[in-house]
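S.K.: Quick note, the sequences are listed as chains A and B, same order. With the first sequence counted from 1, adding 1 to any position gets you the working numbering. FYI, the working numbering numbers position 80 of the second sequence as 64, with every residue one higher than the one before it.
Please note that the accuracy of each hint is not assured.
As the list claims (entries may be wrong) - With a Cα cut of at most 16 Å, we get these calculated EDC-like pairs of lysine to aspartate or glutamate:
#1 B:4 x B:87
#2 B:50 x B:72
#3 B:25 x A:55
#4 A:57 x A:42
#5 A:71 x A:84
#6 A:60 x A:84
#7 B:-2 x B:11
#8 B:25 x A:106
#9 B:25 x A:39
Please keep in mind that the hints were generated in silico from the structure rather than gathered at the bench.
Given next are the chains, with one letter for each unit.
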Amino acid sequence: TQLLEQSPQFLSIQEGENLTVYCNSSSVFSSLQWYRQEPGEGPVLLVTVVTGGEVKKLKRLTFQFGDARKDSSLHITAAQPGDTGLYLCAGGRGKTSGSRLTFGEGTQLTVNP
Amino acid sequence: GAVVSQHPSWVICKSGTSVKIECRSLDFQATTMFWYRQFPKQSLMLMATSNEGSKATYEQGVEKDKFLINHASLTLSTLTVTSAHPEDSSFYICSAPRPGINEKLFFGSGTQLSVL
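Okay, chain B solo, but in the shape it has when bound (with noise of 0.2 Å):
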């Protein structure tokens, strides 16, 4: 089963309107969680690392006013797309490394964001 959840799985807003979406790691702790973007058929562009109890670290490019992540808990990691126009929509997708002997990264299933 998933050991990261990402909620919604899809979302439809009006331009202007601002549209949150949580990962959430289900069975560890999570200290860092990373917030990725995709386009069809293109990689993952990594937006910003989210950290427990600090302010996320943004990549070069990204505007921390547009996309805001609040890591409130453990276990928990918001992105809020804030004033959403349509050429945010993309795909969004969160990771978690799940600590341990056998350390993995783990996706969540990803939020298709489209902005009318």
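One chain only, chain A, in its complex shape (with noise of 0.2 Å):
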């Protein structure tokens, strides 16, 4: 059963365009991390929100954890080509990363010079 719905599967947007990624689920988590992972290559962590409502920036992604930590999102702002890559949500029950972690479906986002 996937826990976490992340929308959209597929976005493919010219350079310098804004996008939004959101993860939902019904389920309440802990903490919500964000991955970014290239093609043959482990997921990269980008961020971890823990507090409902938490808002966190890093650089031109601005990460956004719900109110009742049941959805995220991830706002990119002046998309690069560099941003290319597939975008994954993550959530967690325990108190620590050592805990198993329900991941989205994962965005593909191609961003085009």
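Bring the two chains, given one by one in their own frames, into a single complex with the hints.
M.R.: This is the structure:
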């Protein structure tokens, strides 16, 4: 059973455009993580949000955790070709990252120059 | 630099043979490691949780006898795909949580397995 629904699954945009990726669940998570993965490599952690309503910014990327800790969003401003990759959200229920994560389906982003 | 090393990066084998994939934590001890399987442009599917000194915990639908996991030390976990078949071809990734104040989960670089 997929507990985290990610949308859209595929997104192809032009350089300079903005985009938002959503991660939704009916379950409450103690933390929500966003990863970016490039072909042939493992995912790399971008951010972890743990508090309901929390907003974190990482340069052109803005991450938000829903008030009820059931959903999250990733917004990219002025996308660049280097942002191309598979973006994954993952929810944790334990207190540490050693806890089992539930991954979303992933969003394949392509930014065209 | 990488804090979790996975080896080999890719392997091609004949149907019926066994393949071992190693996952090492380089500068920390990991009592727990995770093994995932991933199909092209899809998400990670957790296969099992590797526990140092005890049996691995497998996810529902994952064959224990097919995917043997051994967590022999605090820095090494291995996944052995036994009697591999073409349908086992996939990208396998491991991860390990690095303990500390800012505990983070680090992933290996993955292993692309192709079974002919």
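S.K.: Hints first: check each against the structure and report whether it holds.
M.R.: Here's how the hints hold up against the structure:
Simply put, residue 4 of chain B and residue 87 of chain B have alpha-carbon atoms about 28 Å apart, too far for the 16 Å limit, and the pair is violated. In summary, the hint linking residue 50 of chain B to residue 72 of chain B is supported, as the alpha carbons are separated by about 10 Å, within the 16 Å threshold. For the suggested pair residue 25 of chain B and residue 55 of chain A, the alpha carbons sit about 29 Å apart, so the restraint of at most 16 Å is broken. Taking the CA atoms of residue 57 of chain A and residue 42 of chain A, the gap is near 25 Å; set against the 16 Å cutoff, the hint is violated.
At roughly 26 Å between alpha-carbon atoms, residue 71 of chain A and residue 84 of chain A are farther apart than 16 Å, so this suggested pair is violated. Between residue 60 of chain A and residue 84 of chain A the alpha-carbon distance is near 12 Å, which keeps this suggested pair within the 16 Å criterion. Between residue -2 of chain B and residue 11 of chain B, the direct Cα distance comes to roughly 35 Å. Violation of the 16 Å bound is thereby established for this hinted pair. For a cut-off of 16 Å, the pair hint linking residue 25 of chain B to residue 106 of chain A stands: about 9 Å separates their Cα positions.
Of the pairs offered as hints, the one joining residue 25 of chain B and residue 39 of chain A holds, with about 10 Å between alpha carbons and a cut-off of 16 Å not exceeded.
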